[in-house]
Amino acid sequence: MLYAASGLGWDFELYMDSGGKPGTGGLALGNVRHAGHNFAKDLRLVAIWFSVDQVDKAGTVTSSKKYCRTLSQSSYFTPGKVRTLEPKPVARPGGKGTFQYLKETDEALNFSGYFKDGENHSAYGVAVQYEAPDLFSKLSLDNCEFAGISVEQIFLFSRYANDPRHEPSAAVTAARFHPIVRYKLTDNPRFQKGVPATRISSIRFDYRLHLFIDPHRSDFETPWTGNQAALFADTDIGNLRAIGRGLNAVLNPFASRPASGSAAFYAVEKPLVLEVTAPGLIKGISDGRDVVAKSPPPHETVVGWDNVHWWGARFPGAELISSPGAFHAAHVHWRWGSTIGNITTPGSASGPQFQPGQPLVDPDIPVQTIRVAITAGSRDPNLEATQEAELLAMTEANWEDAFDKGKPPKTIKDGDDICLWYSAEVHREAIVNKDKRLTSKTGGSVFIHGVFFAHDAEQTGVFVGSRKELYWDRTQADIIKNNVWFRSANK
Amino acid sequence: MLGSSRYDSEIYLYALANPQTFLDQIGPIRRFVFEAAQVKPSDNYRVTLSTDSAWLEFTAMQELWHRRTQPALPQKAAAQKAAEEFLNRVEQKCSSANRDWPTVLQGLALLPPVTNLRRADLVLVNRLDESTPDHWLYRAEPRLNLDGGGKTKAGVFGAQVEVRIGHMGQLISLHSRWQPLSGEKKLTTLSAFTPPAGEGSIQGQPDISFVLEGDGIPQFYLAPYYLSSDGHDMSLSSASPYSLTVHMERVSQTGSNMVVAAAASGGSGDYRYAWATYQLSRPELGFRQIDSSDTFLQQTTPPVVGSAVTVPKDAYIFLLNVKDRRTGAFKHHQQQVFAGTLDSDVTETRSPALA
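Those protein sequences? They're chains A and B, same order as listed.
Numbering-wise (the working numbering), the first sequence opens with residue 7 and increments by one.
Numbering-wise (the working numbering), the second sequence opens with residue 377 and increments by one.
Keep in mind that a hint or two might mislead.
To be verified - If you want the footprint, here are the derived chain A segments under chain B, 3+ residues with CB under 8 Å:
no., region
1, 85-92
2, 122-132
3, 157-165
4, 451-457
What the hints assert, rightly or not - In silico DSS-like links for lysine-lysine, alpha-carbon gap of 27 Å or less:
no., chain 1, residue 1, chain 2, residue 2
5, B, 562, A, 102
6, B, 689, A, 190
7, A, 122, B, 689
8, A, 419, A, 47
9, A, 440, A, 497
10, B, 527, B, 562
11, A, 109, B, 562
12, A, 102, B, 689
13, A, 63, A, 199
It should be emphasised that the hints constitute simulated quantities derived from the structure, not laboratory data.
The beta-carbon is built from N, C-alpha and C at its ideal position, and this holds for glycine as well.
Looking at chain A on its own, in the form it has when it is part of the complex (with noise of 0.2 Å):
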């Protein structure tokens, strides 16, 4: 059953049983619009990993092992029926004669002019609730400290507006959408202490978000096709990862910075040239060298990425999206640099909203490690998957090996039905900045930042980026050069 549905100016199918279940594997939604303006083909969550440990009566590991559940029946999860949320309108005070209106009384401060208190006034939303409380003994897990999960999908889809901001210059207009997934482990009233037992130690949810966004030519005699992708690490002054890219730039004194649009950033890849797999945060944090107990290879000494930008794609030698700014793009941001909040002031319209230095991501689980490929569409044939066995295809136990299957990395630059994979992958806990210790609870959300979907002209006069490639401070020669898979901001 096909629903589709209109709100705040989305458009988007969503699929359906006859009963208003979703397909397998949970929500997924196609032909995804706002305004007329393409965004996905189809968005959806593939999987679920738990890596789960087994651990003896000192509590030390002794073996380890992993396993994959889709948002299926097959998987234990029962669904329920998908719900809708439907923001309530925002009510405007006052009369005829505004600005007599705005002086003389106070009323157009008090927000129950506007909301009311309790109400969803934000989001047009969809919504289902899986159970799969006895999840972890159909697994078979013996003595685990939980008896099941439960996983809630909400998908949000927010107004085109400034507010709340964006980008720090606060000059980005756009729409969002939220793929939240929220969970909750439930307690094993039979856990055992003191005695081997199995302990959950990361979760990690893959996701397929399948962008595309309107390729745009200026006549026919140019034919476009496909989107182009970039990543960005936004600069940082003062930590790790700056110095080092400092002694970088004295070793390599012919490595010449780009001029322009550049000195915002750490790294940046725009383009990309070939498909990649890419981190974006380890552990909770950017700079994978921080991280105690390092993470197993490609990650234990990466930095990461902070940001994808994804835009439709431009014929060579034509002007890009502008960066910063990308007036007509999607973006995906789960981290600001450190440097954001020193170049902003009371004095002007951004600010340090963006958590500089931090990740964006639900304080509960602070403990993510946040992956992103961006494959070309070929790879990714089964657009609308609608069987078990179709997901599984598209995820493996190591993230990487999903993509990166021995075949060199195909070239992207020039366009592509490109495809963007995200993974969230919440610890229990780890150790990072030497001694200071991170935790995960039993239960958060992933994806809270959420993607943004700016579809406006690109601007003109000053108040632009730079349009042009960039690519820092791995040149476009020495990513063909090196032709592989991982790419990360500092290898």
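Based on the hints, put chain B in the right spot on chain A.
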């Protein structure tokens, strides 16, 4: 920039109409839009006004992204002509120029002044399978007179009018990101441009633009702002005493709570604030007003009244209403603020005065 005249230092503010006034007349407005589109009303077309801002949408449902066969598209000049003529017809039909325009809407217009539109784009958009072009997309930025003499026009950042022209020059959609004006205007002074401190050297002269905050955002009037860039970052800063900006940040985090502070600028410094929040991951909880806040004074010239709230540590969208008590200038501001995950043992990171 402004030319030399007696209006050099005086610029307009434009009051926005209450969208509900237009929503109450959706019936006749639909009829007029169909007339302007020169099509018979049917389920094949969608005509809507956004409930919170009266943004107009017209879509030919069977054409936009659902056309089965390859379209025969007009040449570029013809597409532009079709788009602009349609906008002129909608403007004429949906304003006081139409003698049947509802009495309650007399003096109000649904679209921005069409003669002032600045064409920003006219591009071909591909079909979904990307085999051939599907339609032309015309995009234009509304502009308004900036100075009292009408010699200078300024764009409206956040506003846009889009028209799509498809098979045989058919109109297949119109999206107007524009909240109608009430007709009330006010002259105020142009503030001098002050480069945002801490940024690099500003490149070139800053632009001036009115700012429309967006759909569903409380806003009473359009005010001008300076738009500047230092080459790698962009800024919006105040261009009149009514063009307020807000700086908000989490200033401290201790135990289970965090403190978020805000201060406006651009006005007299004598501000009043009101706070609310919602949580993205829990939309069912809805909006929550925050009844208790603390006021502080920033010892700047002039002194600025700021406001701070204490909330449990979490990830929020904060909403803030600010009013300048001397002028009545108003600003609504929204911003995401997350509890820090790496500084849980930090007690006080910055003073509430945003020093």
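We went through each hint and held it up to the structure:
Residues of the region 85-92 of chain A with a Cβ under 8 Å from some Cβ of chain B number 1, which does not satisfy the need for three, so the listed coverage is violated. A stretch counts as covered by a chain when three or more of its residues have a beta carbon under 8 Å from one of that chain; for the region 122-132 of chain A and chain B the count is 9, and the coverage holds. Counting residues of the region 157-165 of chain A whose C-beta lies closer than 8 Å to any C-beta of chain B gives 3; at least three are required, and the coverage claim holds. Counting residues of the region 451-457 of chain A whose beta-carbon sits less than 8 Å from any beta-carbon of chain B gives 3, enough to reach three: the coverage restraint holds.
As the CA atoms of residue 562 (chain B) and residue 102 (chain A) are separated by approximately 14 Å, the hinted pair is consistent with the 27 Å bound. Annotation: proposed proximity of residue 689 (chain B) to residue 190 (chain A) holds, straight-line Cα distance about 19 Å (limit 27 Å). This hinted pair checks out: residue 122 (chain A) and residue 689 (chain B) have alpha carbons roughly 23 Å apart, not beyond 27 Å. Taking the CA atoms of residue 419 (chain A) and residue 47 (chain A), the gap is about 20 Å. The hint holds against a cut of 27 Å.
A distance of roughly 22 Å separates the Cα atoms of residue 440 (chain A) and residue 497 (chain A); the hinted pair therefore holds under the 27 Å criterion. With a C-alpha separation of about 17 Å, the suggested pairing of residue 527 (chain B) with residue 562 (chain B) holds against the 27 Å cut-off. A distance of roughly 13 Å separates the Cα atoms of residue 109 (chain A) and residue 562 (chain B); the hinted pair therefore holds under the 27 Å criterion. Proposed proximity of residue 102 (chain A) and residue 689 (chain B) is contradicted: the alpha carbons are some 41 Å apart, above 27 Å.
Between residue 63 (chain A) and residue 199 (chain A) the CA atoms are separated by roughly 8 Å; this keeps the pair inside 27 Å, and the hint holds.
In this structure, the earlier hints numbered 1 and 12 are contradicted, and the remaining ones agree with it.
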